[in-house]
Amino acid sequence: MKKTSLSEAKIQLGSRVNTVGSTDRQVLITMRGRPVAMVAGFDEYQGRKETAYILSDKKLVLPIRKGLKDSNAVTSYTLGELLKATG
Numbered sequence: 142m143k144k145t146s147l148s149e150a151k152i153q154l155g156s157r158v159n160t161v162g163s164t165d166r167q168v169l170i171t172m173r174g175r176p177v178a179m180v181a182g183f184d185e186y187q188g189r190k191e192t193a194y195i196l197s198d199k200k201l202v203l204p205i206r207k208g209l210k211d212s213n214a215v216t217s218y219t220l221g222e223l224l225k226a227t228g
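Count along the sequence shown from 1, add 141, and you get the number used in my numbering.
Source of the hints: derived by calculation from the structure; they are not laboratory data.
Some hints here could point you the wrong way.
Claimed, not checked - Have a look at the derived ranges for each label pair, beta carbon to beta carbon:
no.: 1; residue 1: Asn159; residue 2: Ile205; range: 29 to 37 angstroms
no.: 2; residue 1: Gly155; residue 2: Glu222; range: 32 to 40 angstroms
no.: 3; residue 1: Ala178; residue 2: Thr219; range: 42 to 50 angstroms
no.: 4; residue 1: Ser148; residue 2: Tyr218; range: 29 to 37 angstroms
no.: 5; residue 1: Tyr218; residue 2: Arg166; range: 33 to 41 angstroms
no.: 6; residue 1: Ala193; residue 2: Asn213; range: 21 to 29 angstroms
no.: 7; residue 1: Gly208; residue 2: Ala178; range: 34 to 42 angstroms
Even glycine gets a Cβ: it sits at the ideal position worked out from N, Cα and C.
Using the sequences and the hints given, assemble the complete structure.
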């Protein structure tokens, strides 16, 4: 994540937006050394918005939690263990 001061961001806004758009990196804007804003790509913004929507709906979260719980109960094996077991 690129970090820049507000005064620098004002001067180089176009460059910062191009960086975000072409690299999927965020730009953290600070004022007096403290974070105050972030510039992120539109795809990331949409993803965060969708995630917030899903997490706010209990009907959507319950099946996700159940799936995570079920996946933790599954036994997993490394490739080496599988090759050894199959000869």
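Here is how each hint holds up against the structure:
1. Asn159 with Ile205: 29 to 37 angstroms: With a Cβ separation near 36 angstroms, Asn159 and Ile205 satisfy 29 to 37 angstroms, so the hint holds.
2. Gly155 with Glu222: 32 to 40 angstroms: Violated - the Cβ-Cβ distance for Gly155 and Glu222, about 53 angstroms, lies outside 32 to 40 angstroms.
3. Ala178 with Thr219: 42 to 50 angstroms: Hint holds: Cβ distance 44 angstroms, inside 42 to 50 angstroms.
4. Ser148 with Tyr218: 29 to 37 angstroms: The hint (29 to 37 angstroms, Cβ to Cβ) is violated, given that Ser148 and Tyr218 are roughly 55 angstroms apart.
5. Tyr218 with Arg166: 33 to 41 angstroms: Cβ of Tyr218 to Cβ of Arg166: about 36 angstroms, so the range 33 to 41 angstroms holds.
6. Ala193 with Asn213: 21 to 29 angstroms: Holds: the Cβ-Cβ distance is about 25 angstroms, inside 21 to 29 angstroms.
7. Gly208 with Ala178: 34 to 42 angstroms: With Cβ atoms ~35 angstroms apart, the hint holds.
In the structure shown, a violation is registered for the earlier hints numbered 2, 4, in ascending order.
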